[in-house]
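Taken in sequence, the protein lines are chains A and B.
Going by the working numbering, the letters in the first sequence line up with residues 122 to 409, in that order.
Going by the working numbering, the letters in the second sequence line up with residues 1052 to 1284, in that order.
Hint data in this document are derived by calculation from the structure and do not stem from the laboratory.
Don't be surprised by glycine CBs; every beta carbon is placed ideally from N, CA and C.
Incorrect hints may appear among the rest.
In silico DSS-like pairs for lysine-lysine, Cα to Cα no more than 30 Å straight-line [as the list claims (entries may be wrong)]:
| # | chain 1 | residue 1 | chain 2 | residue 2 |
| --- | --- | --- | --- | --- |
| 1 | A | K398 | B | K1273 |
| 2 | B | K1111 | B | K1258 |
| 3 | B | K1176 | A | K398 |
| 4 | B | K1176 | A | K288 |
| 5 | A | K288 | B | K1273 |
| 6 | A | K400 | B | K1176 |
| 7 | B | K1273 | B | K1072 |
| 8 | A | K288 | B | K1069 |
| 9 | A | K400 | A | K240 |
| 10 | B | K1069 | B | K1273 |
| 11 | B | K1224 | A | K288 |
Label pairs and their computed distance ranges (CB to CB) [claimed, not checked]:
| # | chain 1 | residue 1 | chain 2 | residue 2 | range |
| --- | --- | --- | --- | --- | --- |
| 12 | B | V1178 | A | F397 | 27 to 37 Å |
| 13 | B | T1102 | A | S204 | 16 to 26 Å |
| 14 | B | V1178 | A | T289 | 20 to 30 Å |
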Amino acid sequence: MMSYLGHLAILIIIYSILAVSLDLAVGRGGILNLGHIAFFGIGAYTSTLLVMNSVPFLLGLLGAGFLAGITGFILALPTARLSGDYLAVATLGFGFIVESLMRNLSVTRGALGIPGIPKPSLLGMEIASNFSYLVFASAIAGVSLFVMHRLMHSHYGRLVEAIRDDKTAAKSLGVSTLSVTSLTLFIAAFFAGIAGSLYAHYITFIAPGMFNLHELIFVFSIIIVGGLASFRGAIVGAIIMTLLPEPLRFIGLPSSIIGPARQMLFAILLLSIIYFKPKGLFGQVELE
Amino acid sequence: MIYGSNISVSFGGVHALKNCKFTIEEDITSIIGPNGAGKTTLFNTITGHVTPDTGTIMSKDEDITHTPPYRIVRQGIARTFQEPHVFDNLSLRENILVSRHNTISFDKRMKEEVSDILHRVGLAKPVDMQAGELSHGQKRLLEVARALALDNDILLLDEPTAGVHPDLVDTFKDIITSLPDDGVSVCLIEHDMDFVMDISEEILVLKTGSVLATGTPEEIRKDEAVLEAYLGP
């Protein structure tokens, strides 16, 4: 039972980092980035490939963040002039491209995925048990969330929110919107990459299907339930979305029913949130 | 001083500005003209929000024709918009601080400066209030406060009194007429002729994308072409 609870706690921690990083772009920055899950995947694959090629785990973790971050920065350049639906479609396309690369490159082993990913090892000690991984992931999450929180409450964070509210006005006050937006996507993608690394080394198996539209909808649901532009919202959303379907395991439903029942639960939750609390539980802004 | 020569801007088949030549050099200059004359397009072109098809715009002897908006601001030109553009989800203080994004220090002095700037435009509201909660006229005041926080020496105001409560019109008049004493030149677009005639040192009249007349309020009041095209008998 403790192992099961530890498993849920680890997932909540990983999804918290991922959701807060997504909220940084979508909620704080107003950048409707539907390619965010690709950064999660890039982080997972980068860390896996580095560590499986004898790179120390911490370097693999940072490499995952940086490669995802640089990809986010590059994505910002051609999409800087886009907004709303156009930006959403462009970034969704980016997500499909990345998934397609994962599915077709030999280094990623295509649709077969990569099994046997080693657990992290620090100072010669393997972080193998759920409890030790929970402590380790909590520490990484603590640092990640602290950094993102500080950034968003800094002067830079104010510029990010100003651009979200009114890009034209921000430009008229001397703000280089391209620089700020590119940096925002770098930071958001960096931490999505970190979450991806934690995920890969916890699950010990990755495949392209784990970083597709289905997973993106799950992460978006977290920030919609929790509310946009809210750290607390993203974390509470991650807790709710991770725990919500768990009782289904214990009520004896046939396995063929559990999957659809999960989706129905998510749908009911989302519809209720949209109807009763359009800004989400702790949201500061509405998604336009 | 801002100087423009041979400025043409077209949107599809519509010629918003046609070979427009202008000079803005007085402390308070007003741009007037009928709707569709190209007044806002002229502001947008000066501030880099619209790129002209032809022509050159100079400010302080530098060519700013193809300069992006955020760099125009660094040339000392600030502006407000026809519809107030404030950051609705940020507080009044945060709105002002966006203007100070190049300043490293955010100490107590900066907080005092924010209060001073808001006080200067007569916006007596709590600094932590969200800008989205302000009335239309108060948003216009906040826009002006934000522009003043840039410490620039040229301020372009696009219809500052449009849609504001009549009591606020005098507030705007006081603010605008006090700015030259602080070394800030003002150029405004305005339809309230009493307001324009009262405060302007020079008036530019635009008609169908070209400058129809330039002169002091007295000269403009007597200009036959202006009377026929805009002011009426």
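For each hint, the structure was consulted:
1. A/K398 <-> B/K1273: With Cα atoms ~61 Å apart, A/K398 and B/K1273 exceed 30 Å; violated.
2. B/K1111 <-> B/K1258: Between B/K1111 and B/K1258 the Cα gap is close to 27 Å, so the pair holds against 30 Å.
3. B/K1176 <-> A/K398: Measuring from Cα to Cα gives roughly 29 Å; hence the hint holds.
4. B/K1176 <-> A/K288: holds, 25 Å
5. A/K288 <-> B/K1273: With Cα atoms ~42 Å apart, A/K288 and B/K1273 exceed 30 Å; violated.
6. A/K400 <-> B/K1176: holds, 26 Å
7. B/K1273 <-> B/K1072: Given pair B/K1273, B/K1072 holds - Cα atoms ~22 Å apart, limit 30 Å.
8. A/K288 <-> B/K1069: holds, 28 Å
9. A/K400 <-> A/K240: Distance ~39 Å between A/K400 and A/K240 Cα, so the pair is violated.
10. B/K1069 <-> B/K1273: Between B/K1069 and B/K1273 the Cα gap is close to 25 Å, so the pair holds against 30 Å.
11. B/K1224 <-> A/K288: holds, 29 Å
12. B/V1178 <-> A/F397: 27 to 37 Å: Given about 33 Å between the Cβ atoms, the range holds.
13. B/T1102 <-> A/S204: 16 to 26 Å: holds, 19 Å
14. B/V1178 <-> A/T289: 20 to 30 Å: For A/T289 against B/V1178, whose Cβ atoms are near 24 Å apart, the range 20 to 30 Å holds.
In the structure shown, a violation is registered for the earlier hints numbered 1, 5 and 9, in ascending order.
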